[in-house]
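Mapped onto this note's numbering, the consecutive letters of the first sequence carry residue numbers 1 to 409.
Any given hint might turn out to be false.
Listed next, the in silico DSS-like pairs over lysine-lysine satisfying Cα-Cα at most 27 angstroms (straight line) [unchecked claim]: (1) LYS60 with LYS211; (2) LYS6 with LYS46; (3) LYS107 with LYS9; (4) LYS301 with LYS315; (5) LYS211 with LYS9; (6) LYS161 with LYS211; (7) LYS118 with LYS46; (8) LYS300 with LYS350; (9) LYS46 with LYS9; (10) LYS46 with LYS211; (11) LYS161 with LYS185; (12) LYS60 with LYS24; (13) LYS211 with LYS350; (14) LYS229 with LYS121; (15) LYS24 with LYS64; (16) LYS229 with LYS349; (17) LYS199 with LYS9; (18) LYS118 with LYS108; (19) LYS64 with LYS6; (20) LYS60 with LYS9; (21) LYS315 with LYS6; (22) LYS202 with LYS185; (23) LYS185 with LYS121; (24) LYS161 with LYS202; (25) LYS161 with LYS229; (26) LYS229 with LYS199; (27) LYS304 with LYS352; (28) LYS229 with LYS46; (29) LYS121 with LYS46; (30) LYS6 with LYS199; (31) LYS185 with LYS9; (32) LYS10 with LYS109; (33) LYS211 with LYS24; (34) LYS199 with LYS161; (35) LYS107 with LYS121; (36) LYS301 with LYS349; (37) LYS304 with LYS315; (38) LYS300 with LYS6; (39) LYS315 with LYS24; (40) LYS229 with LYS202.
By construction, these hints were calculated from the structure, which means they are not laboratory data.
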Amino acid sequence: TDVDDKIIKKSNETGEACSTITEKYIDEFHNEMDALNVLRPTMEPKATEHIDHIIGFVEKLIEKGKAYAVDDGNVYFSIDAFEHYGRLSGRNPEDMRAGARIAVEEKKKNPLDFTLWKPAKSGEPYWESPWGNGRPGWHIECSAMSHEYLGEGFDIHGGGKDLIFPHHENEIAQSEALFGTRFVKYWIHNGFVDINHEKMSKSLGNFTMIKDVLERYSPEVIRLFLLSKHYRSPIDYSEQSMHEVNMGLDRIYGFLERLENEGIQPDASGNGPLWQAFTDAMNDDFNSARALAAVFETVKKGNKMLDQAPEQPDKALISELTQVQNDMADIAGILGIFLETPSAWFAAKKDKGVADMAVDPAIVEALIAERTQARKDRDFARADEIRDQLQQMNIVLEDGPSGTSWRFA
RNA sequence: GGCGGCUUGGCCAAGGGGUAAGGCAACGGCCUGCAAAGCCGAUAUCCCCGGUUCGAAUCCGGGAGCCGCCUCCA
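With the hints as constraints, model all of the structure from the sequences given.
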């Protein structure tokens, strides 16, 4: 929706048009989703561009006796006219009426009836309608727009857990009351991101914005963090979790780097057992945590194979590892993690470390060269001294067959 | 008060009747001049009580703790 009380309030305060305000936030949203590597939706309909369809929807509900207009310009949905009301959220309208904490609005037939169209107060934007100047209620926007683009029913509807009641319940009521067919086959309700075991909220002042997290961690780390727990469960954001996930991703990239160094590249030879395990997990209600476990198991197994591989790996080993590469590449494309080349990944990390720690790479390289010479001369005291010195700069050395590389811890 | 969910090793987290995946951290070992990386190894009876069952973390009942939704708005 791009018209609601908060937007209107802000518009009245700042003098900016509602559309100016919503465009600003829509842009911000797009920027952050793009940064997180979230694909853009095919359609992103706005409520204000579908008012005619919404009005038509409401008119038809009234015709069918599922809704009623009140003389003050309000139109309400009559929940008593929809027998399945409460099915999704497991609520019983009778109980809710009994437990209602609010003063009953006597214009409603049932206190749980909700607004389809509301009259405009002075200073509010409005559209003309058969019930006077006003604007749509929130729930009807979704029923009307989904109908326009997806038809009378569709397969999957997503949303946060908090929207189950009343929003999704109301969408079902509106659409099924009008069309008499099943509205949605599968509901995908995601849990929230908590922060340090508390709900993020303005009153607690514990908001963390995506853009701030992006300054500290790669988008892939954020994605891996979100995938590490089942989507339905709440997930707790903390520095420690992010750090752990970050380390785990390095482990994956480290393995991919080893494969690359062995000249193992993805090809057209098809998928292996990892792919099977991955798809099994994902097909089980998007069990991303289990899918990732399969990835890590393969990393461990692959590392072992590489450890034990002879100088000249045989064809069978190469073919097995190539299959792993194929699986990893396909999984990367689906999860949106380890999409970069390992060298680019580690180079970016190094750049960030250089910037954060204000380190001069030339000095590091010079020290490493000196250490290499010292090691050749078997002057291990000097070599270790240099390594300790670099460690002070948060730099870790790795001596490999092809020389010494460095990274930030 | 109503409805729903959660409680698994130091931390994070799968599993959901047949004897506990995975990640991070720590520890021991291999490798290494020593390290790092990698590998190997050991580490949990699943909040408590009771029940069903040949068998329960998984089912049922009770209890404790935590979380979300339940006016308007979205």
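Hint check:
At most 27 angstroms may separate the alpha-carbon atoms for a hinted pair to count; LYS60 and LYS211 exceed this at roughly 44 angstroms. The straight-line distance between the Cα atoms of LYS6 and LYS46 is roughly 16 angstroms, inside the 27 angstroms bound, and the hint therefore holds. For the suggested pair LYS107 and LYS9, the alpha carbons sit about 26 angstroms apart, so the restraint of at most 27 angstroms is met. For a cut-off of 27 angstroms, the pair hint linking LYS301 to LYS315 stands: about 18 angstroms separates their Cα positions.
With a C-alpha separation of about 26 angstroms, the suggested pairing of LYS211 with LYS9 holds against the 27 angstroms cut-off. Of the pairs offered as hints, the one joining LYS161 and LYS211 holds, with about 24 angstroms between alpha carbons and a cut-off of 27 angstroms not exceeded. Between LYS118 and LYS46 the alpha-carbon distance is near 18 angstroms, which keeps this suggested pair within the 27 angstroms criterion. Distance check on the hinted pair: LYS300 and LYS350 sit about 24 angstroms apart at the alpha-carbon level, within 27 angstroms; holds.
Straight-line distance between C-alpha atoms of LYS46 and LYS9 comes to about 19 angstroms, which keeps the hinted pair within the 27 angstroms bound. With a C-alpha separation of about 24 angstroms, the suggested pair LYS46 and LYS211 falls inside the 27 angstroms cut-off, and the hint holds. Restraint check: the Cα-Cα separation between LYS161 and LYS185 comes to about 17 angstroms, which is no more than 27 angstroms; the hinted pair holds. Pair hint LYS60 plus LYS24 does not hold up; C-alpha atoms about 35 angstroms apart against a cutoff of 27 angstroms.
At most 27 angstroms may separate the alpha-carbon atoms for a hinted pair to count; LYS211 and LYS350 meet this at roughly 21 angstroms. Restraint check for LYS229 and LYS121: the C-alpha separation of about 45 angstroms exceeds 27 angstroms, so the hint is violated. Proximity of LYS24 to LYS64 is assessed by CA-CA distance (about 39 angstroms); at most 27 angstroms being required, the pair is judged violated. Between the alpha carbons of LYS229 and LYS349 the distance comes to roughly 25 angstroms, so the proposed pair stays at or under 27 angstroms and holds.
Distance hint between LYS199 and LYS9 is fulfilled; the C-alpha atoms sit about 26 angstroms from each other, no more than 27 angstroms. The suggested pairing of LYS118 with LYS108 holds, with an alpha-carbon distance near 13 angstroms, which does not exceed 27 angstroms. For the proposed pair LYS64 and LYS6, the alpha carbon gap of about 33 angstroms is over 27 angstroms, so the pair is violated. Restraint check for LYS60 and LYS9: not satisfied, since their Cα atoms lie roughly 31 angstroms apart, outside the 27 angstroms limit.
Note on LYS315 and LYS6: the hinted pairing is violated, with a Cα-Cα distance of about 65 angstroms set against a maximum of 27 angstroms. Taken as a hint, the LYS202 and LYS185 pair is broken in the structure, with Cα atoms around 35 angstroms apart against an allowance of 27 angstroms. A C-alpha spacing of about 38 angstroms is found between LYS185 and LYS121, which places the hinted pair above 27 angstroms, so the restraint is violated. The straight-line distance between the Cα atoms of LYS161 and LYS202 is roughly 19 angstroms, inside the 27 angstroms bound, and the hint therefore holds.
With a C-alpha separation of about 15 angstroms, the suggested pair LYS161 and LYS229 falls inside the 27 angstroms cut-off, and the hint holds. Between LYS229 and LYS199, the direct Cα distance comes to roughly 17 angstroms. Compliance with the 27 angstroms bound is thereby established for this hinted pair. Among the hinted pairs, LYS304 with LYS352 is inconsistent with the structure: their alpha-carbon atoms are about 31 angstroms apart, more than 27 angstroms. A distance of roughly 32 angstroms separates the Cα atoms of LYS229 and LYS46; the hinted pair therefore is violated under the 27 angstroms criterion.
Annotation: proposed proximity of LYS121 to LYS46 holds, straight-line Cα distance about 22 angstroms (limit 27 angstroms). For the hint pairing LYS6 with LYS199, the CA-to-CA distance comes to about 21 angstroms; that is within 27 angstroms, so the pair holds. The straight-line distance between the Cα atoms of LYS185 and LYS9 is roughly 37 angstroms, outside the 27 angstroms bound, and the hint therefore fails. A C-alpha spacing of about 33 angstroms is found between LYS10 and LYS109, which places the hinted pair above 27 angstroms, so the restraint is violated.
Of the pairs offered as hints, the one joining LYS211 and LYS24 holds, with about 15 angstroms between alpha carbons and a cut-off of 27 angstroms not exceeded. Taking the CA atoms of LYS199 and LYS161, the gap is about 13 angstroms. The hint holds against a cut of 27 angstroms. Between LYS107 and LYS121 the CA atoms are separated by roughly 18 angstroms; this keeps the pair inside 27 angstroms, and the hint holds. For the hint pairing LYS301 with LYS349, the CA-to-CA distance comes to about 26 angstroms; that is within 27 angstroms, so the pair holds.
With a C-alpha separation of about 17 angstroms, the suggested pairing of LYS304 with LYS315 holds against the 27 angstroms cut-off. A distance of roughly 51 angstroms separates the Cα atoms of LYS300 and LYS6; the hinted pair therefore is violated under the 27 angstroms criterion. Distance hint between LYS315 and LYS24 is unfulfilled; the C-alpha atoms sit about 56 angstroms from each other, more than 27 angstroms. Distance restraint check for LYS229 and LYS202: the Cα-Cα separation of roughly 25 angstroms lies within the 27 angstroms cut-off, and the hinted pair is therefore satisfied.
The structure fails hints 1, 12, 14, 15, 19, 20, 21, 22, 23, 27, 28, 31, 32, 38, 39 (numbered hints given earlier, in ascending order).
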